[in-house]
Amino acid sequence: MGSQGGWGQSKEFLDLVKSIGEARSKAEEDRIVLQEIETLKRRINEPDVPRRKMKEYIIRLVYVEMLGHDASFGYIHAVKMTHDDSLLLKRTGYLAVTLFLNEDHDLIILIVNTIQKDLRSDNYLVVCAALAAVCKLINEETIPAVLPQVVELLGHPKETVRKKAIMALHRFHQRAPTTMSHLISNFRKRLCDNDPGVMGATLCPLFDLITEDANSYKDLVMSFVSILKQVAERRLSKAYDYHQMPAPFIQIKLLKILGLLGSGDKQASGAMYNVLEDIFKKSEPSSNIGNAVLYECICCVSSICQNDKLLKTAAEVTSKFLKSESHNLKYMGIDALGRLLKRNPEIAEEHQLAVIDCLEDPDDTLKRKTFELLHKMTKSSNVEVIVDRMIDYMISISDNHYKTDIASRCVELAEQYAPSNHWFIQIMNKVFEHAGDLVDVRVAHNFMRLIANGEDDEGAGSQLRSSAVVSYLHILAEPKLPSVFLQVICWVLGEYGITDGKFSASYITGKLCDVAEARSNDDTVRAYAIAAIMKICAFEIAAGRKVELLPECQSLIDELSASHSTDLQQIAYELQALLGLDARAVETIMPYDASCEDIEVDRSLSFLNSFVNQSLQNGARPYIPESERPGTLNISNYGAHDQLEAPSHALRFEAYELPKPSPPPIPPALLAAAPVADLVAVPESAYFSTEPHQPSEPLGGAAMSPAEHGLRLRLEGVQKKWGRPSYSSSSSSSSSSAPSVSAPSAQKPANGVANANGAAAAAGAQARDSSYDSRRNPLVEVSAEKQRLAASLFGGSSARREPPPAAPPAAGRRAVKPVATVVAPAAPPAPPAGDLLDFGEPSPPPAAAAAVDPFQQLEGLLGPASAASSQNSTVGAVAADLLSLHADPPASLAEISLPGKNPLAEISLVGPAAPSSPVVKKGPNPQDSLEKDALQRQLGVVPSGQNPNLFRDLLG
Amino acid sequence: MGIRFVLLVNKQGQTRLAQYYEYLTLEERRALEGEIVRKCLTRTEQQCSFVEHRNYKVVYRRYASLFFLVGVDNEENELAVLEFIHLFVETMDRHFGNVCELDIMFHLEKAHFMLEEMVMNGCVVETSKSNILAPIQLMDKAA
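Chain order of the listed sequences is A and B.
So that you can map any letter, position 947 of the first sequence is 947 in the UniProt record's numbering, and since no number is skipped, the others follow by simple counting.
So that you can map any letter, position 108 of the second sequence is 108 in the UniProt record's numbering, and since no number is skipped, the others follow by simple counting.
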């Protein structure tokens with residue numbers, strides 16, 4: 001066994017820590033840990049491991065898990081250690097167990113007993129350790145085992161025990177509110193505890209309870225107010241002061257609670273005004289913690305019933321935040337502004353330029369926060385500018401989580417405030433193009449419905465559609481479009497591609513074939529594409545034109561007819577069948593632009609009556625309802641699924657009936673409730689020759705859009721068995737009404753824009769103001785640019801609330817322009833400056849000598865104390881270096897060292913700058929830390945220039 | 001629940017202390033730590049000390065070579081969390097005396113004990129340094 005070091009740790013442990021500390025790469029670290037795992041596996045199971053040694057092993061296990069490796073082989077030893085009599089070992093055991101196990105782990109059951117025993121201990125520290133473990137390890141099932149004891153401990157003479165007991169109850173309430181609903185009153189009681197620590201802890205469960213149900217706690221408003229008042233007046237023990245603020249964390253918690261209680265309650269709010277005013281006055285805006293309390297005050301003020309005086313103070317503080325150089329404060333300011341906005345929308349105008357600065361800041365966090373603010377202040381007058389900005393940002397980021405968030409914000413705002421459908425479509429195109437795979441499919445379905453019947457005015461509607469077609473044909477040239485977007489494009493091209501006669505059917509079909517070909521592994525897109533082709537063919541036939549399939553189209557159909565996807569197969573067969581029909585039939589099957597029509601389903605299939613009668617006369621066997629039929633569960637059952645609740649899926653143990661002599665071939669259509677369900681199974685020639693016209697309704701439905709299959713074809717059962725789920729369940733787009741069938745003649749708009757070169761932009765270009773477009777030109781002059789943006793973002797609110805949708809952005813902007821011009825010069829772009837919050841930021845690394853081996857020299861210094869060294873001159877020289885080790889050089893030379901950068905480079909910069917005065921400003925004197933460092937060295941931890949950072953004073 | 005995790009990571013991205021207040025599997029923790037550290041370590045001093053990550057907000061602060069990262073809920077007061085970190089460091093500093101990365105590595109359990117006193121169920125429950133350190137000092141004496 002290694003020599004025992006100064007901390008009761010073995011050489012082995014110190015070596016491990018040292019090697020982990022000096023590891024230069026993850027791979028090296030992993031190697032060390034894997035080796036450690038091998039050692040531990042061997043050692044930990046040896047008989048009679050001394051307890052102290054075992055504690056060290058447990059800590060080593062903690063290291064193993066912390067560095068990302070599995071240490072489950074040693075869990076049981078951690079569990080055993082919780083039984084130990086020594087407090088330190090017991091607590092270490094509990095700590096390890098809480099780090100290793102979740103509350104549902106099998107081993108927990110072994111600990112419950114120990115916990116119960118420890119909760120009864122005479123040693124309050126043991127009780128505390130057990131309560132801490134209770135908070136992490138007790139699950140719903142084991143709560144009753146400890147609950148009575150925990151409740152008893154609420155009256156323990158030691159305040160720290162009462163505090164932890166409260167938190168244990170808090171945990172139980174989080175886990176299983178019902179198990180302790182009768183104990184809630186204990187929280188109220190403990191709020192009046194003499195000890196501020198217990199009172200402060202009680203605020204945590206009370207906060208949760210009040211969040212759930214504020215009304216039951218209105219009686220506590222006065223108590224909270226008076227506690228807050230006492231705290232603010234420094235009535236609590238000095239021990240709770242933090243940076244000269246009296247118990248700021250308790251203040252913050254109380255302010256949160258008051259915000260909840262005062263929301264929408266005039267009387268409660270009235271009781272708070274005084275104390276809030278007080279805190280606004282007393283909080284020190286120069287310290288970080290003071291600002292934290294101030295920010296919480298703002299949150300509270302914006303949540304409770306309005307008080308103009310407080311709002312004014314809150315606005316002033318917010319404006320200080322926004323004007324600060326610190327990004328942290330700016331961030332808080334933006335957030336505060338968002339909260340105050342709902343009380344007073346005009347407040348934003350004063351800060352428009354600050355907001356725009358934040359919007360353009362390279363700091364992504366700040367930018368996102370600012371978008372959150374803009375989202376809150378969007379209205380119809382500024383929606384275009386805001387959504388435009390959001391889209392630009394969305395395109396620029398790569399993080400999918402952010403992208404999804406911002407895309408859904410765009411969609412939400414666009415759906416809510418869109419000034420025109422053109423604009424909406426244009427925005428949606430961008431969202432689909434850049435984040436199509438991240439948005440909800442429903443967004444796409446809503447969008448298709450909007451294109452189909454969005455405009456009340458039929459002329460505008462068709463114009464909209466043809467401009468969509470033009471832009472989509474253009475966009476199709478882009479590589480790598482998201483699947484959802486391609487689905488939308490295919491659907492639009494299918495429905496409206498040839499409507500205005502600008503594009504020939506073969507041109508559109510060719511494009512669709514390209515899509516299907518390029519997306520050979522995306523069945524949904526292929527289904528949309530082939531369905532679109534079918535629609536185009538149908539429209540052509542119905543219009544009396546002859547359809548000549550392109551060779552690539554024919555080969556696509558052939559390929560899909562043999563597809564592994566039954567859905568694709570089905571559409572391909574339907575398409576082939578459709579090509580053989582005459583115009584009248586096709587027109588009934590696929591009425592033009594009827595995607596939003598309701599479909600009447602003839603559930604009794606009365607149109608087949610004559611056929612059935614004829615068959616019966618010809619000797620066919622009469623139809624026997626499925627329920628009365630013995631056994632045979634054939635494929636058509638699936639079609640009848642929802643009429644016939646559950647055809648028994650249970651195993652049948654009796655023998656099958658003997659096969660009956662086969663009946664004359666009856667088209668399975670007759671057996672099934674919905675004939676088309678069996679379309680695939682029937683040779684299509686036979687099917688169509690026997691009944692050329694009848695099934696028009698359902699088949700027509702099938703062809704309209706793949707999204708509608710489920711509803712029209714009653715294919716649910718089939719698809720659930722074999723089909724792609726994404727494609728079967730979505731019937732959402734078919735539920736709308738509002739007929740918009742239009743005569744093709746009405747669809748001939750002279751759309752000038754449509755021919756312009758523009759992509760998606762072209763579609764809505766005319767809806768936009770030209771001055772607005774100039775915004776996108778290269779930045780000519782920044783401040784003018786900012787002014788314009790400010791005006792368009794904030795202008796609307798003062799100028800006019802709801803400008804006519806014709807040209808909202810322009811109107812809003814012009815009206816406010818003068819204001820913006822006045823403000824602009826006053827707020828030049830802020831020069832980057834040091835972060836206010838960053839006191840004590842990376843002091844320079846140890847003196848230059850550190851790279852060699854600081855301890856070589858450190859020992860020299862320590863020498864005089866113990867060994868009366870004679871090297872006084874060396875000591876002096878080294879002392880200077882040492883001072884710099886613990887000194888706090890002013891302005892820290894902004895040493896932003898990149899990971900991996902040679903520490904030597906940083907060191908030489910700072911060495912001489914280190915002053916000698918601030919050395920003793922905190923903590924034990926440098927001599928102590930020198931001794932500590934020397935000890936580390938004695939113990940064999942030599943930094944050897946590998947990672948001198950390990951020794952750096954964190955607060956230095 | 002306010003605080004979801006407390007992480008100490010050095011400049012090289014090596015974890016020095018990890019405490020989670022909700023259960024994550026080893027793999028989830030590994031992934032989360034990797035992603036967050038990558039995000040935070042690339043930020044400059046001028047940028048703000050808050051980063052959104054998945055559904056967490058991460059408040060971080062750098063001390064010498066060590067980054068202290070605290071994952072919180074959306075409603076948490078970021079500045080207060082920043083000061084909570086500082087309080088933790090000050091507390092460790094009081095105990096260890098000029099605390100450095102190596103102190104935390106050698107006394108991992110003590111750092112955890114301090115955190116245990118300060119945070120329960122993800123809530124800050126104790127902010128008095130003497131109260132936080134009292135049980136640890138008693139244990140030291142007894143040992």
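Treat the hints as calculated values from the structure; they're not laboratory data.
Just so it is clear, CB atoms sit at the ideal spot from N, CA and C, and this is done for glycine as well.
Hints may be right or wrong, so weigh each one.
[Claimed, not checked] Derived Cβ-Cβ restraints for the label pairs, each shown as a range:
#1 B/T44 <-> A/D392: 18 to 24 Å
#2 A/D558 <-> B/A31: 30 to 36 Å
#3 B/N55 <-> A/P177: 29 to 35 Å
#4 A/L550 <-> B/T44: 28 to 34 Å
#5 B/E27 <-> A/L550: 49 to 55 Å
#6 B/R54 <-> A/E559: 25 to 31 Å
#7 A/N274 <-> B/E28: 43 to 49 Å
#8 A/K266 <-> B/T42: 46 to 52 Å
#9 B/A31 <-> A/H564: 30 to 36 Å
To see whether the hints hold, each was checked on the structure:
At roughly 23 Å, the beta carbons of B/T44 and A/D392 sit within the given window of 18 to 24 Å. In this structure the hint that A/D558 and B/A31 lie 30 to 36 Å apart at CB is violated, the actual value being about 46 Å. Checked against the given bound of 29 to 35 Å, the beta carbons of B/N55 and A/P177, roughly 23 Å apart, lie outside it. Roughly 57 Å separates the CB atoms of A/L550 and B/T44, a value that falls outside the hinted 28 to 34 Å.
Taken as a hint, the range 49 to 55 Å holds for the pair B/E27 and A/L550, whose Cβ atoms sit roughly 51 Å apart. Evaluation of the 25 to 31 Å hint for B/R54 and A/E559 yields a failure: the beta carbon distance comes to about 41 Å. With their beta carbons about 47 Å apart, A/N274 and B/E28 fall inside the hinted range of 43 to 49 Å. Roughly 49 Å separates the CB atoms of A/K266 and B/T42, a value that falls within the hinted 46 to 52 Å.
As the Cβ distance of B/A31 to A/H564 is approximately 34 Å, the hint placing it in 30 to 36 Å holds.
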